[in-house]
Each structure stands twice: as structure tokens, then as C-alpha cells.
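Peer 1: Sequence:
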Amino acid sequence: MLVHDTVGTARSQTEIDQIRQSLQARYDELTGEYDQAVLQSQVLRLVEVGDTAGDDQADSGTKTAERDTAQSLLRTILDRRAQFEHALGRLEEGTYGWCEGCSAAIPVERLEIFPSATTCVTCKQTRERRAA
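Note that our numbering has the sequence shown beginning at 1, numbered continuously upward.
Please keep in mind that the hints were generated in silico from the structure rather than gathered at the bench.
Among the hints, erroneous ones may be present.
[Stated by the list, open to error] No more than 25 Å apart at the CA atoms, straight line, and that leaves these computed lysine to any residue pairs for SDA-like:
1. Lys-124 with Arg-20
2. Lys-63 with Leu-74
3. Lys-124 with Arg-81
4. Lys-124 with Pro-107
5. Lys-124 with Gln-24
6. Lys-124 with Ala-82
7. Lys-124 with Glu-112
8. Lys-63 with Asp-35
9. Lys-63 with Arg-26
10. Lys-124 with Arg-90
11. Lys-124 with Arg-26
12. Lys-63 with Glu-33
13. Lys-124 with Leu-91
14. Lys-124 with Arg-110
15. Lys-63 with Val-43
16. Lys-63 with Gln-40
17. Lys-124 with Gly-94
18. Lys-63 with Val-38
19. Lys-124 with Gln-83
20. Lys-124 with Arg-80
21. Lys-63 with Cys-99
22. Lys-63 with Ala-82
23. Lys-124 with Asp-79
24. Lys-124 with Val-108
25. Lys-63 with Arg-45
26. Lys-124 with Leu-88
27. Lys-63 with Tyr-34
28. Lys-124 with Cys-99
29. Lys-63 with Ser-41
30. Lys-124 with Gly-101
31. Lys-124 with Gly-89
32. Lys-124 with His-86
33. Lys-124 with Val-43
34. Lys-124 with Leu-111
35. Lys-124 with Ile-113
36. Lys-124 with Ala-105
[As the list claims (entries may be wrong)] Using C-beta positions, here's what the derived DEER-type ranges look like:
37. Gly-89 with Val-121: 21 to 27 Å
38. Thr-14 with Gly-89: 17 to 23 Å
39. Thr-76 with Glu-15: 29 to 35 Å
40. Glu-15 with Asp-35: 27 to 33 Å
These numbers come from a predicted model, not from an experiment.
Think of the CB as a built atom: it goes at the ideal place given N, C-alpha and C, for glycine as much as any other residue.
From just these sequences and the hints, can you work out the full model?
Peer 2: Set out below in C-alpha cells:
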């Protein structure tokens, strides 16, 4: 469990350590995924550079799409990793589990599903509606 059952109460050092360990483990997993994706992207570039003879428009389009997909994956992983890094920082500050929008406690269920959440569901929905 990532947070105390009673939201809004102070966490024990054991609970904080469990949360930190869980967040750090996911951060480390994402770092490994990023490193692997970078390696795959580099291999893809080397293949592109060495294999352009006889390319037609379809081949060029396919290579561009593959390159765009690889770059999108890298950005997504970096974004997710930054979210966990932010969550670790909030844990150190003592603000983990509290909404950045309204300062209310983020429900335990939300943090268990989305440990790097920084907002309650209501504030998240409001932000998404404004962005649309």
C-alpha cells in the first residue's frame, strides 16, 4: 500500500519508506526502459543511414514513421519518469498525497492506481476540461 489508510493523517517513517521504495523502484524501471529505447533508437538510425539505396517514397515514409514513433516513446518515458521524480520530491517535502490544486488529500485509491498523482480527481477533471 502506498499511503496510509486514513488520508490526511501523518504517515509513519515506515510508511514513508515504503512509499519512497515503491516510487524509486518505478523510477528505476522507467530509467531502464528509457536506456533500452535510446539504444533501439540508435540502432534504427544506424540501419537508416546504411540502408537507403533503392528507397522509394513508401520506404522513406515508413522510416520517418518509425523514427517518429521511437521519438514519441522516448518523450513519453521521460515524461513518466519526471512524474515519479516529482512525486519523490513531494514525498521529501511532506506534500505527497495532497492535491497541488486545492490542497485536499488525494484519495488513497487514486494514489494506489496512479502513485505519481499530484491532483485529486476533481482538479484533474477541471484541468482536462480547460485544456480541451
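Peer 1: Which of the listed hints are not met by the structure?
Peer 2: 9, 21, 22 and 33
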